[in-house]
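Participant: As a plain string of letters, each chain reads:
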Amino acid sequence: MQKLTLTPQSVTEALRGQPDLQRRETIIQMVMLACAIFCIFVTAGIVFILSEVGVQFFTDEYFANSGLLQRATQNLATQAGLSGSELNDIIRLAVDERPVTFSSIAERIPNVTPEILREAYENLKQTTSTGEKLWLAFTNSVQRFFLDNRWTPLFASKRFGIWPLVNGTMLVSAVSMAVAIPCGLLTAIYLSLYASPRLFSLLRPLVEVLAGIPTVVYGYFALLYISPIIQSIYPDAPIFNVLSAGLMMGVMIIPTVSSISIDAINAVPRSLLDGAYALGATKMEVILRVVFPAATSGIVASIILGISRAVGETMLVTVAAGQQPVSYGDTFWSAIQAAINPLQSMATMTAFIAQVALGDAPAGSIQYKTLYAVGLSLFLMTMAMNLLSQYVSTRFREVYE
Amino acid sequence: MKTLTTVCLAAVLSLLSPAAWAQAKKVVVDGSSTVAPISIAVAEGFQKSPAGQGIQVSVAISGTGGGFKKFCAGETDISDASRPIRDSEIEVCKKNGINFVEIPVAYDGLTLVTNKANDWAKCLTVDQVKKVWGEDAEGVITNWNQIDPKFPNLPLTLFGAGTDSGTFDYFKEVVGDGKKDVRADYTPSEDDNVIVTGVAGSRSALGFFGLAYYEENMDKLNAVAIDNGSGCVVPSPETVQNGTYAPFSRPLFIYVRSTSIARPEVKAFVEYYIQDKGAAARKVGYIGLPESVYAAALPRFRNIVTGSVFKDIKPGTPIGEAFK
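From first to last, the protein sequence lines stand for chains A and B.
Okay, so the first sequence: first residue is 1 according to this note's numbering, each after it adds one.
Okay, so the second sequence: first residue is 1 according to this note's numbering, each after it adds one.
For the record, the hints were derived by calculation from the structure and aren't laboratory data.
One thing to keep in mind: the hints can contain errors.
Derived Cβ-Cβ restraints for the label pairs, each shown as a range [to be verified]:
(1) A:P228 <-> B:V92: 54 to 60 Å
(2) B:D119 <-> A:T43: 30 to 36 Å
(3) A:S51 <-> B:T259: 48 to 54 Å
(4) B:D312 <-> A:I233: 55 to 61 Å
(5) B:T259 <-> A:A44: 53 to 59 Å
(6) A:A44 <-> B:V126: 54 to 60 Å
(7) B:P152 <-> A:S201: 41 to 47 Å
Treat the numbers as computed from the prediction; the structure is a model and nothing was measured.
By construction, the Cβ of each residue, glycine as well, lies at the ideal position given by its N, Cα and C atoms.
For reference, chain B alone in the conformation it holds in the complex:
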């Protein structure tokens, strides 16, 4: 009995000692809740692959900003980000002597959808979308003809992603310019099927959710084209990839600490991530990048090319051009 207790105690103590943790091969990922599902899906595939045997990948969620805070303090190996790193964050990283490799991994896209019977709202300008969905529209804009006098006199029935989703956060960022909220008088649902049912079943409905989900329900819904000042652009993987479907699409990134790359488990994981070519991302509802981007990312990563190319890039620039 006594020996058993000792063994147990020793086991517990060894688990608690930092040395044991350092020995266990572990990749620490943290950051955006939008990117986390991709990282988790990739990590699952990685741990099943021969390269990933015995390597632990932990993916935590503390938001893009929160992730960078930890990343620049040297607490994590990889930071998930739904936007490029900011200058202020780069400065903090520099102060702590942390360099990073920036790797785009997938696209996030939003679609506005309408009922199949809706033959008037084929295209909306970004300003119209902001006008309908902004905080100030709550209880005020309740009819289609308030968006455009040419639209019929029909009550607006609104559906959208639930407030806990990354899709909602992104939509809020675009509609509220990062400051204001989305109006609250719509049917929010974490379950995209509810939105599909609602919009498909209500003639005067307008809804939003992730683009990938629209692709699966094209037969039941219409997608609204978005006019960002240079004509109407219909959402599709192509228009997302060539950057014309803006501002409702954005690239997602991972940032890898350059000193961590020396560790074989981090190197193996990130290489697997890039060579996955967005398959995991597509599986969890995002859009893959053009092949050429993944192809360009791999040598950049292997040569540890640090710094951010995306932080100063104009929205709407095709990603392949930005990333050569």
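For reference, chain A alone in the conformation it holds in the complex:
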């Protein structure tokens, strides 16, 4: 009998002369290839559309107009002899085309009426070239997206600072990871190093059941059970708050952290543990000095994966964390306080997207495009996280054998 060494070449070799089998293999291969191509194609399509409308957001006429209005304001204000911080304050008012904006700007420049301002603005609109408008729109939108500290694109007085949403997302994630990391890791260590095989085979599926509960159920659980408990301790906390959403999300993420960590811990060679025990190490020493360093890459990857789940989670935070972007107040300290206070409602990036989707923002409007701008930012955030996780797991991988 011919001896088989299994390499792709040897398989092809063995199939030669058996056209039926060979054809079947080819078909299977093609189906698999088609699936892979389909996945890549859909992903690429989604990313393309996200980027396309995202770019449309950053070049929208709305921003070009507000850039032009800023110029008109600046011209008139400098002519009127204003300068320095006074000038900057007035320019900051020039954000949109509402009549109330025109009158509030004109009020602050001597000898300028809203009509004069509008005329100057319309003139500028006529004389500015399309390319320059595009550039204005881009600089204006990037400035307002990244440097503003308020997020109110659905209102008439629109502000586009993304940070309140990013803040919400990060704070909810931080609270949830404060639950998920210790609980997940301790569960993983207990299950893989302490629990008897019978207990292990009983408990592991139970922990993983947590991953199968729909997130909207977690959301309502947080709202109806966790929030009242929090309110019994802090009566002034609103029912929609970051703490209850974050705690619940932490529970939701436990299986993500624990499953991958269990696999990482179990992958540590038995011989390493035995060696450490033979040297007289206690169980705790073995866990801290041997198992942990050896399993670092898997554990860190599980944590980063947990964070990306927290960042992308939608339904739970929409239901339980509220839909109000955090507002920072005027002083540095009030801003810091607002940024880290979990006893308030905070909209996350995903909650905002869900909120816009519930209303009826007309397609093509600036509100509609913000959805994609936020989606794109979110995508970039999670992608960075996934790349980091990949880097960590290859960089810190310990190879034994």
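Chain A is already provided as a structure; the job is to place chain B on it using the hints.
Facilitator: Frame of chain A; chain B shown alone:
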């Protein structure tokens, strides 16, 4: 095959030709997004009724002002409006030779609601409401005791209707006097249940939404009475109907082009609208008018009494008095 193509082509062409459209019985309604749900609900009932067989009613939304623009250009039969027609709009209509019959159809009401545990804010003046909810209050008025020093030192947690709703637009109009915006640092939701949950679950909450929705949740929330200079008035269908709950209630109208009334389908639809007596409106969350108003509206419509009685009326006048 060739005949099939010809038939298809003929069908498509006949659909495209204006003559075919004119023959199909169609009522064109456009205007306010607040009134549209009522018109749509009425149209659904109408098309099921014997009078409405084979009649198409299209209800579009382009805002009260946008609706009047089309109406006065003769493009629509009926204009939905969340306010009486303005003099400037009447002028445009006149220029184009368009007369209209004005028919009030329902009331829109707003309620400010608080938590059941709130025993201090039973009544707020209109100025206080404007002070709390105005654009300038954003990030400034964040505590109950800033509204009234007698109120406790509690952070304000605000909830309200979402920015796409007619309720929001109306609230904005009252609070911002038609110029300014509502503050943005509150939890806006298109889903009224979120507001109910939020206010019912937060001791220091203040929220606003449509009055009809409060009626359904009276056991969970307190309604705030509104003082418009002549004492506190608790919101209820009665105070809305007698005009004392102001300025957070307003009548809604439809305007029918007088020349369109000659067309039987328009006549049938509007008669159905009036004879529905606000049932459809109540179903979609509004408040019906007193019976007498519907009763008075029908003969006015049948006799084609044109012109607006509401454009110069003072807010707070009972509608039955204005409309005789």
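Participant: It remains to establish, for every hint, whether it holds in the given structure.
Facilitator: A quick look at each hint next to the structure:
1. A:P228 <-> B:V92: 54 to 60 Å: 57 Å, holds
2. B:D119 <-> A:T43: 30 to 36 Å: 56 Å, violated
3. A:S51 <-> B:T259: 48 to 54 Å: Between S51 of chain A and T259 of chain B, where Cβ atoms are some 52 Å apart, the hint holds.
4. B:D312 <-> A:I233: 55 to 61 Å: Since the Cβ atoms of D312 of chain B and I233 of chain A sit about 57 Å apart, the hinted range of 55 to 61 Å holds.
5. B:T259 <-> A:A44: 53 to 59 Å: 57 Å, holds
6. A:A44 <-> B:V126: 54 to 60 Å: 56 Å, holds
7. B:P152 <-> A:S201: 41 to 47 Å: 56 Å, violated
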